[in-house]
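Spelled out from the first residue to the last, the chains are:
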Amino acid sequence: MSALDSFLSPPAETAQRHGPHDRIVMSSRVRLARNLKDAAFPGWAKKTERVKILDTIRPAVEGLPEMKDSFSEAMDNLGVLDRQILVERHLISREHAAKSAGSGLVLNREETFSVMINEEDHLRMQALRPGLQLKQAWAAIDQFDSTLEKKLDYAFDSELGYLTACPTNLGTGIRVSAMLHLPGLVLGEQINPIIQSVNRLGLAVRGLYGEGTEALGNVFQVSNQMTLGETESMIVERLEKVLAQIIEHEENARQTLLEKKPKTVYNHIGRAYGILANAHSISSKETMNLLSLLRLGVDLGLFPGAERALVDELFLITQPAHLQKQFSDKLSAEERDLVRADMVRERLKNVPRPVVKPRPPNTSN
Amino acid sequence: MLCSICKEKPATVHLAQIVGEKMQKLDLCDDCAKAKGVNDTAGFSLADLMLGLGAAQEIEQAAGGVELKCSRCGFTQADFKKSGRLGCPECYKTFSEGLSSLLKTMHKGTRHVGKGPEKLRAATQNADRMRVLQKKLEKAIESENFEEAAHLRDEIRQLTERTTAPRNLTR
Numbered sequence: 000m001s002a003l004d005s006f007l008s009p010p011a012e013t014a015q016r017h018g019p020h021d022r023i024v025m026s027s028r029v030r031l032a033r034n035l036k037d038a039a040f041p042g043w044a045k046k047t048e049r050v051k052i053l054d055t056i057r058p059a060v061e062g063l064p065e066m067k068d069s070f071s072e073a074m075d076n077l078g079v080l081d082r083q084i085l086v087e088r089h090l091i092s093r094e095h096a097a098k099s100a101g102s103g104l105v106l107n108r109e110e111t112f113s114v115m116i117n118e119e120d121h122l123r124m125q126a127l128r129p130g131l132q133l134k135q136a137w138a139a140i141d142q143f144d145s146t147l148e149k150k151l152d153y154a155f156d157s158e159l160g161y162l163t164a165c166p167t168n169l170g171t172g173i174r175v176s177a178m179l180h181l182p183g184l185v186l187g188e189q190i191n192p193i194i195q196s197v198n199r200l201g202l203a204v205r206g207l208y209g210e211g212t213e214a215l216g217n218v219f220q221v222s223n224q225m226t227l228g229e230t231e232s233m234i235v236e237r238l239e240k241v242l243a244q245i246i247e248h249e250e251n252a253r254q255t256l257l258e259k260k261p262k263t264v265y266n267h268i269g270r271a272y273g274i275l276a277n278a279h280s281i282s283s284k285e286t287m288n289l290l291s292l293l294r295l296g297v298d299l300g301l302f303p304g305a306e307r308a309l310v311d312e313l314f315l316i317t318q319p320a321h322l323q324k325q326f327s328d329k330l331s332a333e334e335r336d337l338v339r340a341d342m343v344r345e346r347l348k349n350v351p352r353p354v355v356k357p358r359p360p361n362t363s364n
Numbered sequence: 000m001l002c003s004i005c006k007e008k009p010a011t012v013h014l015a016q017i018v019g020e021k022m023q024k025l026d027l028c029d030d031c032a033k034a035k036g037v038n039d040t041a042g043f044s045l046a047d048l049m050l051g052l053g054a055a056q057e058i059e060q061a062a063g064g065v066e067l068k069c070s071r072c073g074f075t076q077a078d079f080k081k082s083g084r085l086g087c088p089e090c091y092k093t094f095s096e097g098l099s100s101l102l103k104t105m106h107k108g109t110r111h112v113g114k115g116p117e118k119l120r121a122a123t124q125n126a127d128r129m130r131v132l133q134k135k136l137e138k139a140i141e142s143e144n145f146e147e148a149a150h151l152r153d154e155i156r157q158l159t160e161r162t163t164a165p166r167n168l169t170r
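Just so you know, the protein sequences line up as chains A and B, in that order. Taken in order, the first sequence gives residues 0 to 364; the numbers are from numbering that gives the first Met the number 0. Taken in order, the second sequence gives residues 0 to 170; the numbers are from numbering that gives the first Met the number 0.
If we strip away everything but chain B, and leave its shape as in the complex, we get (with noise of 0.2 Å):
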């Protein structure tokens, strides 16, 4: 078995971390195991070392043989291998196939779950509530009861207004 690191030298230090249910198993030559700490266990983390390595490997897969490239900031699958990060916001869709699996053996799960911005929650809230409203609107247009189309009429007004009024919100 080769260094999952180097390719090159024969891998002697086998490692398996269990976080949580899922095992993360790496394969290193000695050479490689010095270089990255392994045998200091007060610095060492599997998880950090898993990335750059098996991410990049996923990411290729995902793509069948094809350098992706972010459209927006330029950042290629290679500089993804060079460095464990990512190149903008952005790329978080351009590689999202690749990032997927990664993000499950690295993370509790693959959904936010945390705090968001208030803003972009009013914003969701306030994209919901006109859903609601326009539905509304053509019930009332299709029953022909006009009275209530233009008092949702002037409601979706006033909910354009405040949304867009303050501040130019994209999402």
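Same shape as in the complex, but just chain A (with noise of 0.2 Å):
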């Protein structure tokens, strides 16, 4: 077991993770981009001033009051394994999972701060929040930044802003996000024009891993793109404005899914539930965009008795790093594939199939 695996909640108790309207979002962040003043950027610098970047900002995160009890480590340090259950976690990027010398990460015990050093900005600091709660996220990334700047000289300039690797970033440094589950608009084939007119309104829509990457299981990030000439809490709100809007189209869309199709539902749901209960070899992806339909069919009161925690911890162990660290052997992918089907053939083997749901009598007609 790696300091890593130690350190890190295990996936049930993150599961049990809970925040408002988790149902549909996720989990919230918040992330600042902050530069030093007097130094090179991490992709021009050389690596002898990026080691001396990384030592002079390691301690000064350290020393806050937030990562009291906190992981710190260089990412030279950490295993490939390692490096991949933090982006599973979402608690690193796959970029900062490639870094090498020069490059660390300090995460306190609870993971809701996670700061990464020397990724494409000197610093990437980070706070994250289960359920929606960009506010609380931001108002604590503040207080963070707030304080780190009492202790390090950043690059900030009285027009530009905080300046930043790449000009996308420029100004605030901010990017506020949520992981949405949106089966619904997925299944009622409406989430392309949904994210057009988010994509209309500055906001970027990604797959679960961040920039460019598929929208597996459903789950989308929907985050700001312009980062200057606005203040960090225009931000904040124009971006809670459109996730209310978002959540209230995912309900109505589960609403009419039931209505108008419920065969449809019941079979998707159904289908998941016993391939997923039965399969003897099953990939991540494939376990994934499934498990999305199970986590819709908890939501619907498919599942009686079952939780969403349940679900939300099969989605993080399933994953290749997760599961490969539950074994000392080295599996190959398809040898993945048959201890994952064990896995969740296990854990759903006391989870009845689904129910079909008598339509409630005032609104049947």
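If you are wondering where the hints come from, they were derived from the structure by calculation, not from laboratory data.
Each computed DSS-like pair below joins lysine-lysine, with the alpha-carbon atoms no more than 30 Å apart:
1. A/K150 to B/K92
2. A/K46 to B/K80
3. B/K68 to A/K46
4. B/K118 to A/K51
5. A/K45 to A/K150
6. A/K45 to B/K81
7. A/K45 to B/K68
Please assemble the complex out of the two chains, which come individually in their own frames, going by the hints.
This is the structure:
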């Protein structure tokens, strides 16, 4: 077991984290990009300079009250599997997982603050919260940043704001994002117009692991794109408004599907259950897509007695790195598919097949 | 029309994205469109793609054919074209002309209105206060109000001590 394994909360625990609207909003995140005044950005700095930057920033971050009991490590001291685990838990970016000497990570015990050092910028600090809690996440990272700025000299220009490696992050350096589970909009074939209208508002919609990734398991990330010319609170509020709309559309889509096409819904969820509960080999992609339907089934009350946390835990532990961690021998992709299926079957042993919901008497006609 | 990325093959994919009141346009060939994931609506954002294309051209034009190079870190416009990232905070000054029109298309505004480091704000406030005091001092001396002048001189001395003693502020 690595030091990281013993530090991270077990998936059964992380699946129990709850927040407002977590039926649809899986998590909220606010990240700030900051750079030191007199140093080249990580992508351009030589290794010795990057190491120096890491040595300046890391103790400053470790010394913050929020990071009292933290996991702090240079990226080159972390194994491939550990890095992948961090990506699967959304604690670091895929880009950061690929970094070597001169990059680092400081993560607090509650996994509510994660600081990437020398990712694309010298500092990428993020506050993470379960459910829809953008304002809370912003307040937390704002305070974190205000304490840290006393110890470090940030690159800041009164006209352009915080200077970042990429001009897309210039100004506030803020990215406010939420991870959404939208099976209703996908099944109801309304997701594309929704994505387009969200795009038109200057917001980005991305897949499960951020930039350039697929929307596996009907999970989408919505985030701001513009960072200059607006205050942080304005950006947070705009995103909150849009999210409230998306939540409403998703709830409506689920309701409409149940009313207009109940057979389609039962069919999808029943088949998902059938495969997950009986398969002997299953890929991680298929697992995620089917677990999404199972999650929808739990939300719709088709699995009385089953908790959403069970699905959320499976969502995490069936991912490649989490799965591999449970076995000492290196598994091939095919072997992983076998043990994944075994694990899912075992976990669903006590979950009875989905019920068919009787239509409420007042709405049936 | 040629593809705006490879500039070799004819453009067959034409994109337009409206952000606020501005329209961004891009013409791509099949191969480049595929390579940039244009067909993947979930992961695609025009702003990301515009970067490194438009920006590099803007900078090139602003420089008038001369290759700009950051005196602080040695980063050139060719490097920017390759990566879409800048070399160091100073690069924003080096490439400022070309960047400003890019920032206009990319962001809501071109002026930062969010938070800033507290210690810089204190430093600016102190600098403002210093200017006021110095002007008053000049006036006092001019009008031969030496009592007032002595008083102002003490205040300036105190302010200087306060701002330089605890930390070396460069701004």
